[in-house]
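Undergrad: One letter stands for each residue in the lines below.
There are 2 protein chains.
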Amino acid sequence: MADSTRDIEDLIELMARLPGLGPRSARRAVLHMIKKRALLMTPLADALQQVAVTARECLSCGNIGTHDICEICESEKRNTGEICVVEDVADLWAMERGQMFKGRYHVLGGTLSALDAIGPDELRIPQLITRVQNDGVQEVILALNATVDGQTTAHYIADQLEKLDVRVTSLAQGVPIGGELDYLDDGTISAALKARKSF
Amino acid sequence: MADSTRDIEDLIELMARLPGLGPRSARRAVLHMIKKRALLMTPLADALQQVAVTARECLSCGNIGTHDICEICESEKRNTGEICVVEDVADLWAMERGQMFKGRYHVLGGTLSALDAIGPDELRIPQLITRVQNDGVQEVILALNATVDGQTTAHYIADQLEKLDVRVTSLAQGVPIGGELDYLDDGTISAALKARKSF
Ligand SMILES: [Zn+2]
Ligand SMILES: [Zn+2]
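Chains A and B, in that order, give the protein sequences. Its first residue numbered 1, the first sequence is counted upward by one per residue in the UniProt record's numbering. Its first residue numbered 1, the second sequence is counted upward by one per residue in the UniProt record's numbering.
Chain A on its own, in the form it takes in the complex (with noise of 0.2 Å):
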């Protein structure tokens, strides 16, 4: 197509680019909104404008939200002698929508990875040491994916805090083998999180 399409190619290109769509479904998606402009793109356009604007890492766990500290972080309601630590924001989502755990989070933000050259000052492991260290934590529960990424960065971080006095624990009963979190219902989370183990 010519010069003048090359807004919808663009868009098209942009939306190719998300995870999880690929050039096929991003043309659909497109021109399923230009259906639905009203109700759907130009909703969709202000919404990502505003979230580039007000998204942040919260600085303490590395939520994502949209303050400097998360609100996760800044309740009161939330024990702060409990941390769990996930992977991902995704991860910590996936936790929080099981509605059981009332503790605080640290995300990650990946795994350790001698392939890909993550080790452990490219994830959030110092903060987490730190945070220990200073906050009055009685417990870290690991809740990693069962992948063999998620399981070395687990014993690696629970190495870490064997000086300290904190007990970790771990998800046990209900996490697959290779499972990942962010795929399984809100009740698997929950057993797993009741049933946990001292790692």
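Worth flagging that the hints you see were computed from the coordinates, not collected in a lab. All values derive from a computational prediction rather than experimental measurement. A couple of the hints might just be wrong.
No distinction is drawn between identical chains; accordingly, a pair holds when it is met within one copy or between any pair of copies.
Taking lysine to aspartate or glutamate pairs in the DMTMM-like style, the calculated list, with each CA pair at most 25 Å apart, reads [claimed, not checked]:
1) K102 x D7
2) K36 x E180
3) K35 x D149
4) K102 x E9
5) K35 x D46
6) K163 x E9
7) K35 x E180
8) K35 x D116
9) K163 x D116
10) K194 x E76
Put chain B with the ligands on the given structure of chain A with help from the hints.
TA: Here is chain B with the ligands on its own, set in the frame of chain A:
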């Protein structure tokens, strides 16, 4: 999540309304965009805003473009004697990717469907008849999907065109039973176009 993360939740909810995205992939997409704010999120917001303002349906063929008459209908390089009838704009785009067809298009906007109470007037069938009567069209190529509704619609259009002095053909070889154009590779579409037969 509470009030101040409302923006992010609203965005996820809007993204989840796109075809091909569910709540989970919408969350993933939003987290991905927040990580790629300058390179993806802001450009996408701008592109959506832009297309929401500029996109329009071609008054002649129903294609989506940025002018009242689309570039294909405007182009002097395109053969005015051939009209290729497709269900959706996505199918038109699929035909164009094949770069084989040098005529013009007519987008129906769907298929006849007793179940969904979609009759000829809900589609752009009257406009097609008018174009054939007034524009010196020699051939109408029915490039509808090889589905029951697609073929019902093709037969209906062929009947309507019978009294007019126009050749009616359809895509033949290469379109699998039950297949939808937009899923086919460009070569298959080109082959089907080349081997088109009288309807
Ligand atoms: Zn936080
Ligand atoms: Zn047109």
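Undergrad: Could you run down the list of hints and mark each one as holding or not?
TA: Results of checking the hints against the structure:
no. : hint        : verdict
1   : K102 x D7   : between (47 Å within a copy, 23 Å between copies)
2   : K36 x E180  : between (34 Å within a copy, 23 Å between copies)
3   : K35 x D149  : between (44 Å within a copy, 22 Å between copies)
4   : K102 x E9   : between (46 Å within a copy, 21 Å between copies)
5   : K35 x D46   : both (17 Å within a copy, 18 Å between copies)
6   : K163 x E9   : neither (57 Å within a copy, 40 Å between copies)
7   : K35 x E180  : between (36 Å within a copy, 21 Å between copies)
8   : K35 x D116  : between (42 Å within a copy, 18 Å between copies)
9   : K163 x D116 : neither (29 Å within a copy, 68 Å between copies)
10  : K194 x E76  : within (22 Å within a copy, 71 Å between copies)
In terms of the numbered hints stated before, the structure departs from hints 6, 9, listed from lowest to highest.
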